[in-house]
Structure formats: structure tokens, C-alpha cells
Amino acid sequence: MEEAGIAVSALVPPAKSASEKANQEIAAIVKRYPEKFLGFAIHNPEADRGRIREMLRHEVAGLGLKGVKVCRVPTREVLTAVAELRLPLLFHPAEPSDFHMIAQEFPQVPMIMVELGVTNREWAAHYEAIAIAQRYPNVYLGTAALSGYKYLELAAKELGAAKLIFASNAPERDSRVELRRVKLLHLAPADEAMVLGENISRLLASRV
Amino acid sequence: MATGHFRHRIDITRRSLLAAAAALPARLSGAQASPPVIDAHCHAGLGETMTAPYTTRNDVDVTLRHMEEAGIGRTVIFPLINPTYEKANQEIADLCGRHPGKFIGFAKHDPETEAGRIRAMLRHEVESLGLKGLKLHKQPTREILDAVAEFGIPILYHPKEIAMFYPAADGYPQIPLIMAHLGSFESMNWNWHLEAIEIAKKHANVYLETSAVVAQQFLELAAKELGPDKLIFGSDGPDHDSRLELYKVRLLKLPAEAEAKVLGGNIARWLPKGSL
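Protein sequence lines, in the order shown, are assigned to chains U and Y. Using the numbering used here, the first residue of the first sequence is number 318, and each one after it goes up by one. Using the numbering used here, the first residue of the second sequence is number 776, and each one after it goes up by one.
Bound conformation, chain U alone:
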């Protein structure tokens, strides 16, 4: 972060963590470095079923977390709570098409599809992700594009800067490299500023 000039990173617990403990840990780290980090809670829609609203209220009001990350299709229970608390949702889908139903059902929830839609490294998923972001006003794409840089260029060209959100997936990926990816788009300064922080800041600011 320091080397690349990244001011704030959103921290997310590792995938498959037990959410209660992992979210507490994230909150503790954020508390230690309040100017460097903001925290997202992680939830497993099945394991946490029936308790999500209550857990999330505590995580937001008590622990100060600012958003939610899920690795499986979020259930109606999850999205109802997320909508109520006006949180942004970070979702790493198995397939980009996992976004269709949830984006239609919860148009008021801002949803960020990470890795430009790719988990299984299939190039075709990038095309699908771009089409989905085009279709739903509430769907944004994270910029850590795995299968070829040209898809990020394509996304910038077809969607514009308002739909892209810089997200590094560090520390497995290097945030310096991921930032460079965005800079290499050679966007106009105002557009680059949107991708590198303004878009996500706006989504975070709508919180209750």
C-alpha cells in the first residue's frame, strides 16, 4: 500500500472462514489501523442461516464494518439485511450469471463482482460479466482481471469508469501490480479517480 500510494484498503476475511470469529478479527485489525483499513464482514448464507440480520447489525453497529463479502449466491435473508443496512455487497461468483437474479431482486443493493467475473479462469466469463454490468445499474466490476489484461480494457471501453472499482485481491495478488493495471488504462484523470476510489466511496457513504 505504502509503496503504491494506496491510502485505504478494504479488508475481507479469508474465504471459508467461520464468519463470527473472522469478522471480529477484521474489526480488531481495523481498530488498530483506522486510517489504513476499513472492514467488510464475510458471511456464509447457509452456515449463518437464520442469524444473519442479527449478526450483521452487530457487525455494523458494534464492530464498525462497512460492507459484506460472500462467496456463494446470497440468499434472500442475506440481501434483505444488506439492503436494510444499505451496505455494498462484494460477491465472488462461481459464474457471472449468478448475478442475474439477485441484481433483479435487490436493485437497491450495490453489488461488486470481483475479478471481472472469473473464478475458474475462463476467458468467456469476462464477456458475460461485462454484459451483466451493462444490464444492471447496481452491478459493478472489480478490476483484478485474471485472464488477460485486454478484458479490463474492454470493460473500461464498454462500461465506462463509473462501473469499475479498483480491487486487488491482495495479498495473494500484489496490490502494486493491480494498481498498475488500472493506471495502464490511461483513463482521463477524472475517470481514473472514479475507478481508484470515488465509486466505492460513494457506495460506502450511502450506509445508514
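Hint data in this document are derived by calculation from the structure and do not stem from the laboratory. Certain hints may be false.
Simulated coverage check for chain Y against chain U, where a stretch passes if three residues somewhere in it have a Cβ under 8 Å from a Cβ of chain U [as the list claims (entries may be wrong)]:
| hint | region |
| --- | --- |
| 1 | 989-995 |
| 2 | 1005-1017 |
| 3 | 1022-1028 |
Here are some chain U residues the structure puts well away from chain Y; computed CB gaps all over 10 Å [what the hints assert, rightly or not]:
| hint | residue |
| --- | --- |
| 4 | Pro331 |
| 5 | Glu363 |
| 6 | Cys388 |
| 7 | Pro454 |
Backbone N, C-alpha and C fix where the C-beta goes; we use that ideal spot for every residue, glycine too.
Starting from the known structure of chain U, fit chain Y onto it as the hints suggest.
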């Protein structure tokens, strides 16, 4: 986008000026010029089957634009995946001829679909078309390895599994074998990066190429455990962006001499005479 293009051009101008300024002292002192930055892994030309980006088309204009912006002097180009490679290798030779001083052409072959014809084809490609190496996706057969050894060219090989590297590495120590992607395309199997590092440690003739490694920590590990003599910069362009791939090597922050080896010196040693 007009503003973006304008900024882009200023960048190039400033960068070329800086590069020219940096090159000046060496020229004045008459010191031995170091090899240019060489991108050892890039696809070019048309694909026959059109089932995926890597079987359809790679445009050299994109590659040339990235090279200029990043300060890459030469790029090794070879065909996309095709059923057979006679036509595609000819196309590579044509592209090299059309852009003198920019590309180093490698042939590509399929050990199965072209079995029995490979020595004759490769001989033509090396001796008449001026191609300088061989790129492989499938495990090389004895036919291929014998021909490669005879013509004294390097192999860039992207193995389906790391273990497939051993027969060639053990049986043909005279052939420089460059393993693409540090052994695992897009770090899909991160543990393969570790196996690749071990193979490179054990075999004097095995080198690791840096393209499309998304887990930067394994590039760092390879540089630390193997040292700069065993690493070769490549981008897997133009679909993987050589500007970004070069940046990843620069981030290793190697001493200048070590970085120069990774960025061109190592592969330059193994290219046939007249390649640069």
C-alpha cells in the same frame, strides 16, 4: 478518450527521452551494450479453429504498441494453438521480415499431428525461414528433441503438468529448456510454482519464464532461491499485457546487473547467432 490518448503520447515521448538519456553514457564510454529487453513469450498471427482467444487471432500491432510504451526492444513471437503449424510458422517468419529488428521468431509444432515430419519441417524453418527456437504445448517426443538438439535451438515449453518436464530435462541436458509461466499458467496450481523451482535447481539446462504468474510471491521466491541466472522474462502477450508483465519483474527490485539477465541476457545467450 481523447484526453487519455493525449496523455499516452506524452508518456511515450518522455519515456523515450529518458531511455535515450540513460543509454548515452554507455555509448560515450564505448562500453559493451547490454542486450535489449527481450520478451521471450508472445503469440502472433491467425488461428485456424477460432474456439477461444488463443486459437483465433493475435495482432502484432498491439504487441508493437506495448513494446514501445514499455521499452521492450525485442519480442519472441510464435503461432497460436493450431492443428498443424506449417502455415502458421511461415506467417511468423513473414511478420519477422515485415518488422525488422522487432521480433525473434520461434516455430511451433504438435508432436502428435505432425509426427514423422518434424525434423524436415524444423530444418526448413530454422535454415530457410530464420526461426530461432521452438514453442511447445504438448510433451516433446524423441523425434522433436533429437531435431531440436541437432539444430541447436532453445525450447519454450508450457507443460500440462510439471512432471512432463523431467524426461526432456534429464535426457537432453544439451537443450536449453525454458518452462513457461513458472510452471503454472495464471498460478492456477500455485504448488506447481514450487515444483518448477525445484526442477530448475536440479537441472542446469532448465530456466523458468515469468509470464502470467498472478501470485507475485512465487516470482519473488524464484528470484530468491534460484538467483537471476535461471529466470527469463516473458509476457504471454498480447493477451497478457507486456507492460504489466515487465512491471512485475521490475518490482522484484533486483540489482541492475541481475535484472538485465532476467530481462534479456539469459535468453540472449541461448539464441542462435544473428538473432538480435
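Hint check:
no., hint, in the structure
1, 989-995, "holds (count 4)"
2, 1005-1017, "holds (count 4)"
3, 1022-1028, "holds (count 3)"
4, Pro331, "15 Å, holds"
5, Glu363, "27 Å, holds"
6, Cys388, "18 Å, holds"
7, Pro454, "23 Å, holds"
Of the hints listed earlier, there is not a single one the structure fails to meet.
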